[in-house]
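Engineer: Residue numbers (this note's numbering), protein chains in the order written: chain A, 1 to 114; chain B, 1 to 111.
None of these hints come from the bench; they were simulated from the model. Any given hint could be a false lead.
[What the hints assert, rightly or not] When the alpha-carbon atoms are kept at most 20 Å apart in a straight line, the in silico SDA-like pairs for lysine to any residue are as follows:
1. A:K57 with A:E102
2. B:K3 with A:T38
3. B:K3 with A:G40
4. B:K17 with B:R60
5. B:K41 with A:Q37
6. B:K56 with A:E102
7. B:K41 with A:L111
8. A:K57 with B:K3
9. B:K41 with A:P107
10. B:K41 with A:K57
11. B:K41 with A:E102
12. B:K3 with A:R9
13. B:K41 with A:Q6
14. B:K3 with A:Q6
15. B:K41 with A:L11
16. B:K41 with A:A2
17. B:K41 with A:R9
18. B:K3 with A:N59
19. B:K56 with A:Y104
20. B:K3 with B:T28
21. B:K41 with A:Q41
22. B:K41 with B:S84
23. B:K41 with A:I12
[What the hints assert, rightly or not] A short list of chain B residues far from chain A (calculated; beta carbon distances all over 10 Å):
24. N7
25. R31
26. A54
27. E58
28. G59
29. H75
30. S84
31. Q97
32. Q103
33. T108
Please read all numbers here as calculations on a predicted model, not as lab measurements. Heads up, the beta-carbon is just placed ideally off N, CA and C, and yes, glycines get one too.
Each chain, written out:
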Amino acid sequence: KAGVTQTPRYLIKTRGQQVTLSCSPISGHRSVSWYQQTPGQGLQFLFEYFSETQRNKGNFPGRFSGRQFSNSRSEMNVSTLELGDSALYLCASSSPGQGVYEQYFGPGTRLTVT
Amino acid sequence: ELKVEQNPLFLSMQEGKNYTIYCNYSTTSDRLYWYRQDPGKSLESLFVLLSNGAVKQEGRLMASLDTKARLSTLHITAAVHDLSATYFCAVDGQGAQKLVFGQGTRLTINP
Numbered sequence: 001k002a003g004v005t006q007t008p009r010y011l012i013k014t015r016g017q018q019v020t021l022s023c024s025p026i027s028g029h030r031s032v033s034w035y036q037q038t039p040g041q042g043l044q045f046l047f048e049y050f051s052e053t054q055r056n057k058g059n060f061p062g063r064f065s066g067r068q069f070s071n072s073r074s075e076m077n078v079s080t081l082e083l084g085d086s087a088l089y090l091c092a093s094s095s096p097g098q099g100v101y102e103q104y105f106g107p108g109t110r111l112t113v114t
Numbered sequence: 001e002l003k004v005e006q007n008p009l010f011l012s013m014q015e016g017k018n019y020t021i022y023c024n025y026s027t028t029s030d031r032l033y034w035y036r037q038d039p040g041k042s043l044e045s046l047f048v049l050l051s052n053g054a055v056k057q058e059g060r061l062m063a064s065l066d067t068k069a070r071l072s073t074l075h076i077t078a079a080v081h082d083l084s085a086t087y088f089c090a091v092d093g094q095g096a097q098k099l100v101f102g103q104g105t106r107l108t109i110n111p
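Isolated chain A (complex conformation) (with noise of 0.2 Å):
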């Protein structure tokens, strides 16, 4: 089986922009969830998707917001991009219906704010 997929691998925007992030789950896996990671921070949760449906949120501002479309890819945005927001961005899929919940990571996206 073909893992995660995230695209693009790197991205530098400016302070303002806007971006868009990409990631295709596992064939068959149906929840998709994205962190955030920074060497100050560490990984931290921003959200899960489940059949297209946000179940979960973390703690980050509303200027971070995904979807997830019926073929259970999913795309997560952030809009006004701070110097902060300079990142790994790694998006995980699981099939939480088969009761082992693990997680698998795909490569990241880094994400530069200059």
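Since the structure of chain A is already known, use the hints to place chain B on it.
Structural biologist: Coordinates of chain B only, in the frame set by chain A:
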């Protein structure tokens, strides 16, 4: 609020030695995960521990879970350089697909 703490945060050791990384968490959870991250890379799943007393081993790594003590350990036996990486433990947030991660332990193994 669920909190996960690892120690030590940095560990430098020699090849051939044994050591243990500790992971404490603050509220009840039945699932604990260990991940490995190499520099600039994503997270690689190492172990999923699902119940009290669970022990899993893969090569030179062994993980265990004590849900009563809210403690998991990752034991490294006869370390080799290839195990140099950052190791994270994570706990499910109240059964949701919402992992709360520890700070990570940066492990450096010197020849």
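Engineer: All hints, please: hold or fail.
Structural biologist: Okay, the hints, checked on the actual structure:
no.	hint	in the structure
1	A:K57 with A:E102	18 Å, holds
2	B:K3 with A:T38	18 Å, holds
3	B:K3 with A:G40	16 Å, holds
4	B:K17 with B:R60	11 Å, holds
5	B:K41 with A:Q37	11 Å, holds
6	B:K56 with A:E102	15 Å, holds
7	B:K41 with A:L111	14 Å, holds
8	A:K57 with B:K3	16 Å, holds
9	B:K41 with A:P107	6 Å, holds
10	B:K41 with A:K57	25 Å, violated
11	B:K41 with A:E102	19 Å, holds
12	B:K3 with A:R9	30 Å, violated
13	B:K41 with A:Q6	13 Å, holds
14	B:K3 with A:Q6	28 Å, violated
15	B:K41 with A:L11	16 Å, holds
16	B:K41 with A:A2	17 Å, holds
17	B:K41 with A:R9	11 Å, holds
18	B:K3 with A:N59	14 Å, holds
19	B:K56 with A:Y104	18 Å, holds
20	B:K3 with B:T28	11 Å, holds
21	B:K41 with A:Q41	17 Å, holds
22	B:K41 with B:S84	13 Å, holds
23	B:K41 with A:I12	18 Å, holds
24	N7	14 Å, holds
25	R31	6 Å, violated
26	A54	12 Å, holds
27	E58	14 Å, holds
28	G59	19 Å, holds
29	H75	21 Å, holds
30	S84	18 Å, holds
31	Q97	5 Å, violated
32	Q103	6 Å, violated
33	T108	17 Å, holds
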